[in-house]
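2 protein chains.
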Amino acid sequence: VIPSEDAHGSEYVAPSDKRREWISGFTGSAGQAIVSKTQAYLITDSRYWLQAQKELDENWHLIAAGAPEAPKDWVEWLVDRAKNSKIGIDARMITHEKASQLSAQLAAKGSKLIYPPQNLVDLLWKDKPQRSKERIFIQGREFTGKDATAKLAELREWIKAQPPATLSYSQAPPTPAQVHVGTLISSLASIAYLLNLRGQDIPYNPVFQAYLYVGLDRAILFIEAAKVDEEVSRYLEGLNVERRDYNDIWTFLRRREWKEGKVIISPQTSYAISLMLTHLRYTVLPSYVEEMKAVKNEVEIEGMRRAYLRDGVAFVRWFAWLEQKLQQGYEITEYEAAYRLTEFRRHQKHFMDLAYENISASGPNAALPHYTPTRATARVIDRETPYLNDSGGQYRDGTCDTTRTVHFGRPTDEQCEAFTRVLQGHIAIDSAIFPEGTTGKALDVLARRALWQDGMNYMHGTGHGVGSYLNVHEGPHGFGIDVPLVPGNVITNEPGYYNAGKWGIRIESALVVKRVTTKREFNGDIWLGFDRLTCVPIQTKMVKESMLTKEEKAWLKVRHLVTT
Amino acid sequence: VIPSEDAHGSEYVAPSDKRREWISGFTGSAGQAIVSKTQAYLITDSRYWLQAQKELDENWHLIAAGAPEAPKDWVEWLVDRAKNSKIGIDARMITHEKASQLSAQLAAKGSKLIYPPQNLVDLLWKDKPQRSKERIFIQGREFTGKDATAKLAELREWIKAQPPATLSYSQAPPTPAQVHVGTLISSLASIAYLLNLRGQDIPYNPVFQAYLYVGLDRAILFIEAAKVDEEVSRYLEGLNVERRDYNDIWTFLRRREWKEGKVIISPQTSYAISLMLTHLRYTVLPSYVEEMKAVKNEVEIEGMRRAYLRDGVAFVRWFAWLEQKLQQGYEITEYEAAYRLTEFRRHQKHFMDLAYENISASGPNAALPHYTPTRATARVIDRETPYLNDSGGQYRDGTCDTTRTVHFGRPTDEQCEAFTRVLQGHIAIDSAIFPEGTTGKALDVLARRALWQDGMNYMHGTGHGVGSYLNVHEGPHGFGIDVPLVPGNVITNEPGYYNAGKWGIRIESALVVKRVTTKREFNGDIWLGFDRLTCVPIQTKMVKESMLTKEEKAWLKVRHLVTT
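So the sequences go chain by chain: G and B. Numbering-wise (full-length UniProt numbering), the first sequence opens with residue 1 and increments by one. Numbering-wise (full-length UniProt numbering), the second sequence opens with residue 1 and increments by one.
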């Protein structure tokens, strides 16, 4: 099994970690290759079915995960077929949680996971890119609103508060071996957040490859020395964080360098790490750092607001440019449009990079929710179908993610109806009020209700958490997830509709959860709502006013419109 | 611990099983009494907080489960307090699922469950009512649409289809001991459904106390002989169902009278039953009979339709009577109104009983979602507040459950706004369209969205399954439950709003899930919606038209209105 993740469970990975892409040719961000002695399979979800079909050659079988009659993911596919089988995987590239579940399910089929001492793809991959040695840098208090010292202290309080891991039936007081003394963090975004550091190892994601051990009395950052300059070195000393080489994590684990007691790991930690420990040496708990990171403080929210404003300025200027060019009769390809948009962004203050590859799609390409154009194959933007742009910049003060869909010609009735239904879902989420304890998943149907009325739907999530100059996708919350939304969560609102082979529509803004005052305040001061971060107008050309309610019309009116 | 359930996990129990009510004085349908050496506690959920407060005397402490800072249920409350404790419970009165979870959680606190050989309440309860000996009777094919022979055959096919319970790590083929040979059913509604029999042991619920073993080659009904007359006796012979005494179930289990192989039980089977087996002799699987029962066939749906029509006729005639009496200046109490309504129902064809105690509530009583009036304490229905009636009959062809709230005077603005918000939620559920695979839980927010906009809410579920001349509450689906809705499911739609100490509003209709044709049919013929069974008009006096959308106004117009 060749997963697409790296040793840190990253969704987007460094070029040197693109093993699945190298062996299969499939470039999407999610999907697993499974190679048996005689066959090669690539499993991916609905976002990527059409793209994978295009990119895979005749050596590969595409498994459309989640399709009717198809398995829901690679684990189910593998377990279905396993029968006294040995299945190899690099234990670093699979999470503790997934490996544990998979092992148990395979055992029931007389099968098991094995862990080759070397990564089999790395043995074959001759011209593999070098690992990044890019410098890391400090993300200052003006952006983070909270010093790393304070964050480390908060994490240590949490570690201390975890009850000792006593054996179920024991009535004895906990022994020192059962007390929690530290946590091992492998998530790159969590390490960057906690230490207020950023890096450049992975395109679009300002993170750096490292492990971090935080004990009650010491902390160790495992990172390649070349990445740490004098300034950062002094900064780490100031935080009382020791520094060791990236690969020393394995020696550290093998030697068990912490005194007695248990280390906390998250279910997303790689299985290689828990294999090095024994179950007597660790406890699995949801990541507290991920939870801290998801609740933006005032400084972070204000930064996001400013970043979205600047990103919106670039977006709007570029839209005006694009519309003018098309009106003047120029032929503009999806690729050129995306390239120009990045140029507009590049001029904005604090711009660092894009937050992900620009999605710039016309006609049938817009029906591929994650299509990105290449110079060679991009379509000319046409006037018969909606044009969809999903993009955002990485700024020092915030990560942006916005989608707008516009029409440069005369939209059909079907396009207008679809756009209006998508817009109604977008408005329903944007204006939702809900009590504390409500999960993103519970609100999800609000985004789909209007589409469902006409038998339409979209096969992706309604929205995800967004980092503060960090990854564009972050947890633990989201509109598909059973985690309560809390004030300070940033989340995208992105319903869509895709008419396969013809056109696609999506409208996406980023929101921040805030407290609101309601008319009746039933059960007290427990009511939450959203503030919109995205400042890009919505085109009304495809809006069928007659389908809107009074409230929806009023919502549209408050926004400034790009064209009519 | 004194639970409110009987040995069959019934929500409503026979008078001889009302142990919790007898010891505590609290008459609600849900709640647990916990008596320690020095204290007595009664734990119940928000539906019953106010009622319990009234009914409990000074010997009892009320624990408001689900309140802020309070435990979510009695299990959490008990585990919180347990410390090297022994907690006694009658193992028949707790499900396998709950007892297993509780045991594990108690073990971690050095505590354990113990099972006194006799029920401690029964030892004290001198004037305990006799167990019912009411006759059982056959529910014919004209009502069930499917013979018991066919139902038993379908259940046996399911038993055969269950994979043998092999040990996790074994690669050996299953032994005869691992093959499933039968299922033991303790749910009274499941037994009644499967055998097309009905009984009269529990008020409002046409079920009878029994256990049923269905093996691949034999079936045994454990039931008191006095309940079975000649006709039913011959009927059971025709089905090849042996008959033994109710209490012989324990001998049957102890002797392990089935040949080699495992018996399937549901997580809701009593813990006493799994204690009699060992884990080598049973497998726990969700009840297949419950699943069969929840999907009504054409005959059952048609029966429900006719039952709701007749029940609606009674409801409307009674409303007209009540309105006239009040206009003529008569003082009518909640109790009298409820009594009269039952008289109107009694004249309808196929009427057997009520489906539950009439909820007939004026003023502050309507703010208690499950209030039922007594002759002695009932209020006179007033003209200042909404009057709420939640009731339904048991008819041979269907079980009814309807709530309407009306105002006989001049409603305040606040009452009108609340009524309109509740109505908007009711309409949103009623007119929802959704793809296959959608759970009731996913739709729930549609019922709450309009209320939430003004910071209002209700602290009970949005709706539950309903039986076909069976229990008014049945699973496995519901608007709070993560089980996909399928065509043939019957479910209630009952949002509300309760202004504690002042007034309450609820609007409830029963719906049946059906296939619908949509405009776009995205992903094919997978679209579902609801047909309304309830035929009782909704009063529009409290509707604020200006708050409604065009679609909501149109929905109201299609219905006939009781008064304007």
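Quick caveat, the hints were computed from the structure, so don't treat them as lab data. Hints should not be assumed to be uniformly reliable.
It does not matter which identical chain is meant; a pair holds if it fits inside one copy or across any two.
Derived pair list, reagent style BS3-like, types lysine-lysine, alpha-carbon separation capped at 25 Å [as the list claims (entries may be wrong)]:
1) LYS519 - LYS550
2) LYS109 - LYS160
3) LYS37 - LYS18
4) LYS519 - LYS553
5) LYS160 - LYS54
Just so you know, these numbers come straight off a predicted model, no measurement behind them.
Hints, one by one, checked against the model:
1. Taking the shortest alpha-carbon separations for LYS519 and LYS550, both the intra-copy value of 19 Å and the inter-copy value of 24 Å come in at or below 25 Å.
2. When the C-alpha separation of LYS109 and LYS160 is checked against a cutoff of 25 Å, the pair qualifies only between copies, where the shortest distance is 20 Å, while the shortest distance within a copy is 41 Å.
3. Within a single copy, LYS37 and LYS18 get their C-alpha atoms as close as 22 Å, which meets the 25 Å cut-off; across copies the closest is 65 Å, which misses it.
4. In the homo-oligomer, the alpha carbons of LYS519 and LYS553 lie at most 25 Å apart both inside one protomer (22 Å) and across protomers (23 Å), since each shortest distance falls under that limit.
5. Proximity of LYS160 and LYS54 under a CA criterion of 25 Å is satisfied in neither setting, with 52 Å inside one chain copy and 44 Å between copies.
Of the numbered hints stated above, the single one contradicted by the structure is hint 5.
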